[in-house]
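Q: Based on the hints, put chain E in the right spot on chain S.
There are 2 protein chains.
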Amino acid sequence: MKYDNDLFLRACRKEKTERTPIWIMRQAGRYLPEYRAIREKSDFKTMVKTPELASEVTIQPVDIIGVDAAIIFSDILVIPEAMGLDYQMVESVGPRFDKVIKNHSDIVALDVDHIEEKLQYVFDAVKLTKEKLNNRVPLIGFSGSPFTLMTYMIEGGGSKNFVKTKQFILNYRDEAHLLLDKITEAVIKYLSAKIEAGIDAFQIFDSWGGVLSKPHYLEFSLKYIERIVKEVKRINSEPGIVFSKGVHHSLKEIADAGADVISLDWTTQLSCAKETTGGRCALQGNLDPVTLYADDEVIKTEAKRILENFGKGNGHIFNLGHGILPSVDPAKAKLLVDFVKEESRKYHE
Amino acid sequence: MKYDNDLFLRACRKEKTERTPIWIMRQAGRYLPEYRAIREKSDFKTMVKTPELASEVTIQPVDIIGVDAAIIFSDILVIPEAMGLDYQMVESVGPRFDKVIKNHSDIVALDVDHIEEKLQYVFDAVKLTKEKLNNRVPLIGFSGSPFTLMTYMIEGGGSKNFVKTKQFILNYRDEAHLLLDKITEAVIKYLSAKIEAGIDAFQIFDSWGGVLSKPHYLEFSLKYIERIVKEVKRINSEPGIVFSKGVHHSLKEIADAGADVISLDWTTQLSCAKETTGGRCALQGNLDPVTLYADDEVIKTEAKRILENFGKGNGHIFNLGHGILPSVDPAKAKLLVDFVKEESRKYHE
Chain S
230 MKYDNDLFLR ACRKEKTERT PIWIMRQAGR YLPEYRAIRE KSDFKTMVKT
280 PELASEVTIQ PVDIIGVDAA IIFSDILVIP EAMGLDYQMV ESVGPRFDKV
330 IKNHSDIVAL DVDHIEEKLQ YVFDAVKLTK EKLNNRVPLI GFSGSPFTLM
380 TYMIEGGGSK NFVKTKQFIL NYRDEAHLLL DKITEAVIKY LSAKIEAGID
430 AFQIFDSWGG VLSKPHYLEF SLKYIERIVK EVKRINSEPG IVFSKGVHHS
480 LKEIADAGAD VISLDWTTQL SCAKETTGGR CALQGNLDPV TLYADDEVIK
530 TEAKRILENF GKGNGHIFNL GHGILPSVDP AKAKLLVDFV KEESRKYHE
Chain E
230 MKYDNDLFLR ACRKEKTERT PIWIMRQAGR YLPEYRAIRE KSDFKTMVKT
280 PELASEVTIQ PVDIIGVDAA IIFSDILVIP EAMGLDYQMV ESVGPRFDKV
330 IKNHSDIVAL DVDHIEEKLQ YVFDAVKLTK EKLNNRVPLI GFSGSPFTLM
380 TYMIEGGGSK NFVKTKQFIL NYRDEAHLLL DKITEAVIKY LSAKIEAGID
430 AFQIFDSWGG VLSKPHYLEF SLKYIERIVK EVKRINSEPG IVFSKGVHHS
480 LKEIADAGAD VISLDWTTQL SCAKETTGGR CALQGNLDPV TLYADDEVIK
530 TEAKRILENF GKGNGHIFNL GHGILPSVDP AKAKLLVDFV KEESRKYHE
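Protein sequences, first through last, are from chains S and E.
Numbering (the numbering used here) for the first sequence: 230 to 578.
Numbering (the numbering used here) for the second sequence: 230 to 578.
Hints may be right or wrong, so weigh each one.
Each pair may be met inside one copy or between any two copies, as identical chains are not told apart.
[As the list claims (entries may be wrong)] Lysine to any residue pairs mimicking SDA-like chemistry, simulated, CA-CA at most 25 Å apart:
no., residue 1, residue 2
1, Lys443, Thr506
2, Lys245, Thr506
3, Lys443, Ile305
4, Lys561, Glu346
5, Lys331, Lys389
6, Lys575, Glu404
7, Lys575, Leu499
8, Lys389, Met254
9, Lys452, Leu339
10, Lys533, Pro444
11, Lys462, Ser421
12, Lys356, Thr505
13, Lys274, Val319
14, Lys359, Gly295
15, Lys418, Leu399
16, Lys452, Lys533
17, Lys331, Ser556
18, Lys481, Cys501
19, Lys393, Glu526
20, Lys474, Leu499
21, Lys331, Pro444
22, Lys274, Met318
23, Lys474, Gln498
24, Lys529, Glu448
25, Lys529, Phe568
If you're looking for bench data, these hints aren't it; they were derived computationally from the structure.
None of the values given here were measured: they were computed from a predicted structure.
Next comes chain S alone, as it looks inside the complex (with noise of 0.2 Å):
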């Protein structure tokens, strides 16, 4: 075997695992406290745009916390920024565009030509990890979903309820899709020189396809999605995970995408996913992120209901519904994955 625990490998594809593997989104996080040290010398876009340092952040979970997976540190508003619109990452306030998307020409402006030149930083990034992880656990890449990045392009930033894109997307139908076009295009061209860099599975960050009604969803986001799944691994292998958060009512679609793992946030409950899909797809998730800060017994608790959701059988992927924050004790995240590790194998006996 490639790998020395290729356990998250294996879930992905529903195979038989003697235990559930879990990583957790946003591991490589401001909860570390080795995390901070180097933050504190570099900026946040310093950190993602230098190998060394993104490759450091990387690996730091697993071996602080034990993780069975990586993801490559980086950043979803790389492609935008790839794509023409530069910004900035302002502190306790987020990202900031200084041009934002209008009109047509605005669009027709955008490059999809030089992704893989403009993004060679990630894919150096992600070769100096794999180095230094020396085939200890798979190396996971993303990207953020078309609609998620077109909402940062239009509204320059982060936003309450998206009052611009879903303008845009009303008014401006025919401009939309052609803005989506684009970027579905850069990040197939994005995902595919990841995968050839080394990554070992992908995941793609809907954020926001959850704030749109269905029929708006299934138009503007995951038709992008699937475009970008079927075509990724028209040619790769590597297993690609959905995450479309608080997309609760399209289960089926996404499965029907095509995506090997979906992964849920905590208000959708595995055993309800599981059926709603057939059991196609592995599951990823879904504890809900506040759940670190409670004391240790009931984090076991809470952790152990979400083992018995899923229920005995392969294919689940224990993670967090969304990313970890920022303020939680590393040692509650350790104790976390302790437990999943071990309280787990009754699941796979």
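A: Frame of chain S, contents of chain E only:
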């Protein structure tokens, strides 16, 4: 018939109507210049506590927009205040409580014995509004759900991740239930007195039930909503509407809890909710509020999609999936109301 227009009440009971009734959540609000004119002279809490002002803004959308029901202008936080937790409404921030619930003795200190006398101003506003409405349309009263009120009482205001509330229910389960018990008792008294004062239906706003996993939603939110609905309806025939925003996973359980009407945000399709609940409840909603920023023809297309999705038959109350946003043009709201009134006739032939 008691009312010039009782379409809303008939729809709540799934009785035959000649068209679909419509009202708009937060219809007495900042998007109306007539509301802002009053708001300029009085702060929010003064408006809530002055029956003359509360009744005036309650009636505005009936006159200006032509909705089929009025909803008494008030605030869900009158309950925590009447229980002993004073709050300020801070401009462009939201509510701020000086004192919050931290432990058992804070809960014991909460007062539920003087709800009726402390909230007399609400009942006076209801009576005055009923006089002014002069039986044109029914009047809806409302309350926050115990869980939603609890989040404000623990967090001290709005919250992003509800860390304190979730810590409280996870680590201090018995105290959480004690607190929810007391709030529930207060809400039952409040809604019963509101019905006595003249409201024709009541809506429970569970704005934050959707941040919980299903097991926690059932234990910490729906259980108490059920107690309220059953107790209030034990002695009153007025229909009860339950709006648990984001709670896509427990529609059957909400129907089991005795809701006459389930109000849905825009992420759950009416057709799907109808199937899940076996058509037992009327359904309210569920146009994405941001749709009102679109071009006129797009608003009509999207409204039509909602009507078509519910399909032919009775028991649909048109509404937005959440409150109308403050920067919406009132002409757009009027356009929606006029369109639904006309277009919906074909679904009731």
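Q: With reference to the structure, classify each hint as holding or not holding.
A: Here is what the structure says about each hint:
no., hint, verdict
1, Lys443 - Thr506, "both (17 Å within a copy, 19 Å between copies)"
2, Lys245 - Thr506, "within (19 Å within a copy, 38 Å between copies)"
3, Lys443 - Ile305, "within (24 Å within a copy, 30 Å between copies)"
4, Lys561 - Glu346, "neither (40 Å within a copy, 47 Å between copies)"
5, Lys331 - Lys389, "within (19 Å within a copy, 29 Å between copies)"
6, Lys575 - Glu404, "neither (52 Å within a copy, 33 Å between copies)"
7, Lys575 - Leu499, "within (18 Å within a copy, 41 Å between copies)"
8, Lys389 - Met254, "both (22 Å within a copy, 18 Å between copies)"
9, Lys452 - Leu339, "within (21 Å within a copy, 52 Å between copies)"
10, Lys533 - Pro444, "between (35 Å within a copy, 13 Å between copies)"
11, Lys462 - Ser421, "within (9 Å within a copy, 60 Å between copies)"
12, Lys356 - Thr505, "neither (38 Å within a copy, 49 Å between copies)"
13, Lys274 - Val319, "within (10 Å within a copy, 35 Å between copies)"
14, Lys359 - Gly295, "within (17 Å within a copy, 64 Å between copies)"
15, Lys418 - Leu399, "neither (28 Å within a copy, 44 Å between copies)"
16, Lys452 - Lys533, "between (35 Å within a copy, 23 Å between copies)"
17, Lys331 - Ser556, "between (37 Å within a copy, 20 Å between copies)"
18, Lys481 - Cys501, "both (11 Å within a copy, 14 Å between copies)"
19, Lys393 - Glu526, "between (45 Å within a copy, 18 Å between copies)"
20, Lys474 - Leu499, "both (14 Å within a copy, 21 Å between copies)"
21, Lys331 - Pro444, "within (24 Å within a copy, 43 Å between copies)"
22, Lys274 - Met318, "within (7 Å within a copy, 38 Å between copies)"
23, Lys474 - Gln498, "both (13 Å within a copy, 17 Å between copies)"
24, Lys529 - Glu448, "between (40 Å within a copy, 19 Å between copies)"
25, Lys529 - Phe568, "within (7 Å within a copy, 53 Å between copies)"
Checked against the numbered hints above, the structure violates hints 4, 6, 12 and 15; every other hint is satisfied.
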